[in-house]
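Participant: Chain by chain, the residues run as shown.
Protein chains: 2
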Amino acid sequence: MPDTNATEPVPERGPLPSDLAPYLETLREVERHLYAHRYAKKTLDVLGPTIDPAAVTADRGEALAVLEEEDHDLVCSPELKGALDHLSEHDAELDETTRAQVRVLRRTQEEMTLVPAADQAELTRLTCEANDVWARAKRADDWASFEPYVDRLVALMRRMAHERDPRRDAYDVWLDHFEQGTSRAFYDDFFARVKDTVVPLLMDIRSKGYQPSRDCVEGRFDAARQWQLARDVAELEGVNLDAWWLTETEHPFSEAMTTNYAVTAAHVYEDDVTRNLYSMLHEGGHNSYEQGVDPSFNYTSLSGGTSAGMHEGQSRFFENYVGRDRAFAPHLLELLKRHFPGQMMRVTPQQFWLATNRVEPQPIRTEADELTYPLHVIIRYEIEQLLFSGEAKAADVPGLWKERYKGYLGVRVPNDRDGALQDSHWSTGYFGYFPTYALGGAYGAQLKDQMLADGVAWEDDLSRGDLTEVREWLRQHIWRYGRSKDPDELIRMACHTGFDPSHYTRYLDEKYRGIYGL
Amino acid sequence: MPDTNATEPVPERGPLPSDLAPYLETLREVERHLYAHRYAKKTLDVLGPTIDPAAVTADRGEALAVLEEEDHDLVCSPELKGALDHLSEHDAELDETTRAQVRVLRRTQEEMTLVPAADQAELTRLTCEANDVWARAKRADDWASFEPYVDRLVALMRRMAHERDPRRDAYDVWLDHFEQGTSRAFYDDFFARVKDTVVPLLMDIRSKGYQPSRDCVEGRFDAARQWQLARDVAELEGVNLDAWWLTETEHPFSEAMTTNYAVTAAHVYEDDVTRNLYSMLHEGGHNSYEQGVDPSFNYTSLSGGTSAGMHEGQSRFFENYVGRDRAFAPHLLELLKRHFPGQMMRVTPQQFWLATNRVEPQPIRTEADELTYPLHVIIRYEIEQLLFSGEAKAADVPGLWKERYKGYLGVRVPNDRDGALQDSHWSTGYFGYFPTYALGGAYGAQLKDQMLADGVAWEDDLSRGDLTEVREWLRQHIWRYGRSKDPDELIRMACHTGFDPSHYTRYLDEKYRGIYGL
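Residue numbers (the numbering used here), protein chains in the order written: chain Y, 261 to 778; chain F, 261 to 778.
You can't tell identical chains apart in this list, so a pair holds if it fits in one copy or across any two.
For lysine to aspartate or glutamate, the following EDC-like pairs were computed, each having C-alpha atoms within a straight-line distance of at most 20 Å: (1) Lys468 - Asp769; (2) Lys666 - Glu642; (3) Lys301 - Glu330; (4) Lys597 - Glu478; (5) Lys771 - Glu627; (6) Lys301 - Glu329; (7) Lys455 - Glu642; (8) Lys341 - Glu289; (9) Lys301 - Glu515; (10) Lys301 - Asp331; (11) Lys302 - Glu330; (12) Lys301 - Glu291; (13) Lys653 - Glu642.
In case anyone wonders, no lab produced these hints; they're calculated from the structure. Here the structure is a predicted model, which means the values were calculated and not measured.
Chain Y with its partners taken away, still in its complex shape (with noise of 0.2 Å):
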């Protein structure tokens, strides 16, 4: 076991100054409504793309609605505003947990007071149909039908920026929303080091003309026998399968409503079962990140992950770091061959492990390769900041698309489908949520280097496929803390440090230059 004496425990909540009670009681019960709405809110929001008719589009999202406009009564009271303010003021007084709610709260407080309760309601309702209207235009192949839709979104999420702050750029309020303290200034520095790293890896790996055989994992794969093979990924990745539902969808996502409840959409394709091997295991962090939050905070609003890019950190750290080390292929590679004996029989570990690391750019983000995947992210990342910036309409999205695709990755998009159709975050007005996963791998990479000078026994619990210490290890410094620390300080509290793209190239670096004896 790592030392944790390091880290200082989430503190109980004790006995407050009875003079302030009439505050804090207007905060605990500002905290259960918006509990009870935020309950609804997710169950609904995973609904739409998984289960609901879409003859119900319309009628849930007139629901969620008029859930955020309560929300937005709740949190923009004056009540609740005088109590933050006084408690603010007595900030010393307050328990650790009680400061941070305070804190999570006002600032919520000032995004939503700024933005008026009926954009917010719009962008609700716009995204419940938005995202029902995608889904079906990305079967069709059809970017035409959706096309308005993203123009809308743009122009509605400038007006809700410029609401929020009207002296700053429209796309650095959202990069900010999604990840605090972000911005392109951040991103453009951020991404001029990736670029540095993985450009002249890919001209190194192209050059050097080998590759490895993705033969062993190709072939047609039964979807009931995969869906089995997807419960049993979760429960190897340590998923408590108690608190958890498996369901299906377009696009793969997570969603949390407490640590007793959290959800995977998955998608299955016959033709490719690593794809549904790496996005259970992404989806799974997502999951544990959530099941791993101290319990005490379920009906406030410290639960749940605190930030998009440190979410993407636990998720895509069980993708790449767990997932493929060439520790842990047999351990993946046993459950395959349990689902499909005849298929994977005489596949080695080593075959495998290299076979799931092959560097080869194509044109689907969640497909990539970790090499090539921050590329996917960055053109997303340039294509939105021309849409924020008015140089671009989402009528020139699909030619952008294939020019930058040929550019970056050398890739030919084929359509539209597999092209600027492929994910579902601009239908659901996620714009400037792209960023976070290239940030989170980063986040990941660092932690990683961190948990092995922590003692983390990394290689010899990976050949065991027992993940208990790593869990552990992220519980204690990560999951546990739910919002109640902002990501750099959670960075500075498990690292000692703050945040440092350095570990994410250097892994990068040496593990391709490995594979590929560069």
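Starting from the known structure of chain Y, arrange chain F on it as the hints suggest.
Facilitator: For chain F alone, kept in the frame of chain Y given last:
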């Protein structure tokens, strides 16, 4: 097509007097919030016994309880009270829809104002927990674990009934809650008439000694194929599958969020295919009713079915009057043959019809034939009265159950799983609900007779497997009105006379004397 001119159309909302505008605005605003909460609560209620892990039960209960409290505050606000009082005084100036909204909301307000919000919230939390305990108790045949919940629920519901009306018998209050205008006096009279028909018929059948064979529907029926069959049954019945979700649960039930989203939760037994068949016809009746309400009522208190009895009137209509009619038998048999060709190949419609109409006392209510069915209801009605009067405690229930099943049906109850634990109703606080099943049967018989009098070509339609005309009659006379009319008014409008159980008793008498040659 039947002559539907006799029925008034659901009126359009016309312009209303402008001095009523602020009151109407209050009404509209409250309805919007109630709609969102209803949508969320129904969704959470559906997921509880179908999808959710047991670990989240208390969290879901808490979310539901808070939404209940919010409804209480909305409905009981002095502002809404003032608006409803004012609008009631100007009743004559309102269009018919608004008048119905005011009437229904006032009734809800009167009920909610009397019961403290904390009690309603407690019932919500308790039923969430109890439903979960019940499901496990049933699986384990363990009455003892469920027993304390029955006592706690009865105590709480007695207190709530007393709060609603301290001068009235507590059980009467709940009977009236599920079916407006009913009481023990009403049901005592109704059940006496039912017993007068059923008991002698049952004795005659016993002495006759003849029984149709059930061999033709017995065997082992693959679960996956039964789920496909379930879908086909709903489609044959006319349920709109584009606004529908079929899911799995322990005890079948239906729900609907709006006219655009009906749910059936079903259960498949591999050793009994007719149970699935008739259960789907039953739940499809509930779905049809909800889908058939005027869609303009969706976001108002007029949405959904008007009462439990009228709901069961529709479900038992399709289960029995349609589903157990000789003319319809070939179509159900055809579905069975499609999914189970080997097993059903040689079965004739006449054999199938007789097999599914055999009168045979046995311990399970949902498997009961049409004739013994009301006796199952009467047993529950009697035991519930004993619980609510304090003459019996939960600990007495298994004994009472066995004694009454012996007395009424001559049946030995083998265990609590197939005895007092068979139904989920009590666990969800549905004391006083069971009588509506029998009442629904009687509503259905009266509606069927009226349908025939109105010229619906019953025999001809059913023998063609075409339910369009039957459904259209029900839509015109019952479904579209939603909650805008009470059940007695609907019966009066459709049948030009009040509720009359002789349609039901005559139907049973004629049908079973025919089948058994009495």
